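Asker: One letter stands for each residue in the lines below.
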Amino acid sequence: GESVGLHLPTLSVQEGDNSIINCAYSNSASDYFIWYKQESGKGPQFIIDIRSNMDKRQGQRVTVLLNKTVKHLSLQIAATQPGDSAVYFCAENKGWGKLQFGAGTQVVVTP
Amino acid sequence: DAGITQSPRYKITETGRQVTLMCHQTWSHSYMFWYRQDLGHGLRLIYYSAAADITDKGEVPDGYVVSRSKTENFPLTLESATRSQTSVYFCASNPDGVNTEAFFGQGTRLTVV
Numbered sequence: 005g006e007s008v009g010l011h012l013p014t015l016s017v018q019e020g021d022n023s024i025i026n027c028a029y030s031n032s033a034s035d036y037f038i039w040y041k042q043e044s045g046k047g048p049q050f051i052i053d054i055r056s057n058m059d060k061r062q063g064q065r066v067t068v069l070l071n072k073t074v075k076h077l078s079l080q081i082a083a084t085q086p087g088d089s090a091v092y093f094c095a096e097n098k099g100w101g102k103l104q105f106g107a108g109t110q111v112v113v114t115p
Numbered sequence: 002d003a004g005i006t007q008s009p010r011y012k013i014t015e016t017g018r019q020v021t022l023m024c025h026q027t028w029s030h031s032y033m034f035w036y037r038q039d040l041g042h043g044l045r046l047i048y049y050s051a052a053a054d055i056t057d058k059g060e061v062p063d064g065y066v067v068s069r070s071k072t073e074n075f076p077l078t079l080e081s082a083t084r085s086q087t088s089v090y091f092c093a094s095n096p097d098g099v100n101t102e103a104f105f106g107q108g109t110r111l112t113v114v
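So the protein lines, in turn, are chains U and P.
Every number in the working numbering is 4 more than the matching position in the first sequence, counting from 1.
Every number in the working numbering is 1 more than the matching position in the second sequence, counting from 1.
If you are wondering where the hints come from, they were derived from the structure by calculation, not from laboratory data.
Just to be clear, a hint being listed does not mean it is correct.
[Claimed, not checked] In the SDA-like style, the derived pairs of lysine to any residue whose C-alpha atoms are separated by at most 20 Å in a straight line are:
| id | chain 1 | residue 1 | chain 2 | residue 2 |
| --- | --- | --- | --- | --- |
| 1 | U | 102 | P | 45 |
| 2 | U | 46 | U | 107 |
| 3 | U | 46 | P | 12 |
| 4 | P | 71 | P | 11 |
| 5 | U | 102 | P | 18 |
| 6 | U | 98 | P | 52 |
| 7 | U | 102 | P | 104 |
| 8 | U | 46 | P | 51 |
| 9 | U | 46 | P | 25 |
| 10 | U | 46 | P | 46 |
| 11 | U | 102 | P | 55 |
| 12 | U | 98 | U | 46 |
| 13 | U | 102 | P | 74 |
| 14 | U | 102 | P | 11 |
| 15 | U | 98 | P | 84 |
| 16 | U | 98 | P | 56 |
| 17 | U | 72 | U | 56 |
| 18 | U | 46 | P | 55 |
| 19 | U | 102 | P | 62 |
| 20 | U | 98 | P | 97 |
| 21 | U | 102 | P | 69 |
| 22 | U | 102 | P | 12 |
| 23 | U | 102 | P | 99 |
| 24 | U | 102 | P | 59 |
| 25 | P | 58 | P | 39 |
[To be verified] So the derived label-pair ranges between C-beta atoms look like this:
| id | chain 1 | residue 1 | chain 2 | residue 2 | range |
| --- | --- | --- | --- | --- | --- |
| 26 | U | 100 | P | 4 | 19 to 29 Å |
| 27 | U | 64 | P | 80 | 22 to 32 Å |
| 28 | P | 14 | U | 45 | 31 to 41 Å |
| 29 | P | 71 | U | 100 | 34 to 44 Å |
| 30 | P | 54 | U | 33 | 23 to 33 Å |
| 31 | P | 28 | U | 55 | 29 to 39 Å |
| 32 | U | 83 | P | 54 | 41 to 51 Å |
Bear in mind that the values here come from a model prediction, so they are computed numbers and not experimental data.
C-beta: ideal position from N, C-alpha, C; glycine also.
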């Protein structure tokens, strides 16, 4: 069936380096994607979103890239900080606001 | 500005008991959702609601019941709790169900023993 998934379950990053988290999706008709950050014991927190009519979107220290040809999106975090340690999820809007989440990537920032 | 709040934060219940998880939002968002998150997995949609008195099933609705008599509240009831329903439950809301982000509550950790 159609799904959204992540390539790497755990990403270890040195403080100050850039992080890249990848996500694949299978529904070529999908038109809206969101990245969420989830810290331990908390609910998912919105980071950035992108619509299918865009290839790139930038926020504060974060950039999302969307490659519709290969149905792939990525989240780039610049100058990763200890506070960036969390689980990151990509999510796909399945219509009516319903979100389908990937399994998540644990980002661990090391000093 | 309370946003979206869930109660209780933690709950332990016995198999076969009925339990209700509460969700309240102060934004008057039309859409509300219930997700469950199991260890090592992403969130899966249980039920959603487009407005008061309008609800529909998500990906994993079996064993759950929802209601939405008021826009701001969206309770989730486990009619007869089973151990497989041990999970963390998240409520979320979205203003219009179109391409905008959903806002999540802090979660309810439910353990069924």
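Asker: If a hint holds in the structure, say so; if it does not, say that too.
Answerer: A quick look at each hint next to the structure:
1. Proposed proximity of residue 102/U and residue 45/P is supported: the alpha carbons are some 10 Å apart, at most 20 Å.
2. The hinted pair formed by residue 46/U and residue 107/U meets the criterion: a straight-line CA distance of about 16 Å does not exceed 20 Å.
3. Straight-line distance between C-alpha atoms of residue 46/U and residue 12/P comes to about 16 Å, which keeps the hinted pair within the 20 Å bound.
4. A threshold of 20 Å between alpha carbons decides the hint, and for residue 71/P with residue 11/P the separation of about 24 Å lies outside it, so the pair is violated.
5. For the hint linking residue 102/U to residue 18/P, the alpha-carbon distance of about 29 Å lies beyond 20 Å, and the restraint is violated.
6. The hinted pair formed by residue 98/U and residue 52/P meets the criterion: a straight-line CA distance of about 18 Å does not exceed 20 Å.
7. For the proposed pair residue 102/U and residue 104/P, the alpha carbon gap of about 12 Å is at most 20 Å, so the pair holds.
8. As the CA atoms of residue 46/U and residue 51/P are separated by approximately 25 Å, the hinted pair breaks the 20 Å bound.
9. Annotation: proposed proximity of residue 46/U to residue 25/P holds, straight-line Cα distance about 17 Å (limit 20 Å).
10. For a cut-off of 20 Å, the pair hint linking residue 46/U to residue 46/P stands: about 18 Å separates their Cα positions.
11. Proposed proximity of residue 102/U and residue 55/P is supported: the alpha carbons are some 14 Å apart, at most 20 Å.
12. Between the alpha carbons of residue 98/U and residue 46/U the distance comes to roughly 24 Å, so the proposed pair goes past 20 Å and is violated.
13. As the CA atoms of residue 102/U and residue 74/P are separated by approximately 18 Å, the hinted pair is consistent with the 20 Å bound.
14. Only pairs whose Cα atoms come within 20 Å are accepted, and residue 102/U paired with residue 11/P is rejected, the gap being roughly 25 Å.
15. Under the criterion of a C-alpha separation no larger than 20 Å, the hint pairing residue 98/U with residue 84/P is inconsistent with the structure, at around 29 Å.
16. Of the supplied pair hints, the one linking residue 98/U and residue 56/P holds, its CA atoms being roughly 16 Å apart against a limit of 20 Å.
17. Simply put, residue 72/U and residue 56/U have alpha-carbon atoms about 8 Å apart, close enough for the 20 Å limit, and the pair holds.
18. Between the alpha carbons of residue 46/U and residue 55/P the distance comes to roughly 28 Å, so the proposed pair goes past 20 Å and is violated.
19. With a C-alpha separation of about 14 Å, the suggested pair residue 102/U and residue 62/P falls inside the 20 Å cut-off, and the hint holds.
20. For the hint linking residue 98/U to residue 97/P, the alpha-carbon distance of about 14 Å falls within 20 Å, and the restraint holds.
21. Distance hint between residue 102/U and residue 69/P is fulfilled; the C-alpha atoms sit about 17 Å from each other, no more than 20 Å.
22. Using a Cα cut-off of 20 Å, the hinted pair residue 102/U and residue 12/P is violated, with the two alpha carbons roughly 26 Å apart.
23. Taking the CA atoms of residue 102/U and residue 99/P, the gap is about 9 Å. The hint holds against a cut of 20 Å.
24. Between residue 102/U and residue 59/P the alpha-carbon distance is near 8 Å, which keeps this suggested pair within the 20 Å criterion.
25. Distance check on the hinted pair: residue 58/P and residue 39/P sit about 19 Å apart at the alpha-carbon level, within 20 Å; holds.
26. Distance hint check for residue 100/U and residue 4/P: the Cβ-Cβ separation is about 21 Å, which falls inside the suggested range of 19 to 29 Å.
27. Taking 22 to 32 Å as the suggested C-beta distance range, the pair residue 64/U and residue 80/P does not conform, at roughly 45 Å.
28. Checked against the hint of 31 to 41 Å, the pair residue 14/P and residue 45/U fails, with Cβ atoms roughly 20 Å apart.
29. Under the hint 34 to 44 Å, the C-beta atoms of residue 71/P and residue 100/U, about 20 Å apart, miss the expected range.
30. A hinted range of 23 to 33 Å for the beta carbons of residue 54/P and residue 33/U is consistent with their spacing of about 30 Å.
31. At about 22 Å, the beta-carbon gap between residue 28/P and residue 55/U misses the expected band of 29 to 39 Å.
32. For the pair residue 83/U and residue 54/P, the supplied restraint of 41 to 51 Å holds, since their beta-carbon distance comes to about 48 Å.
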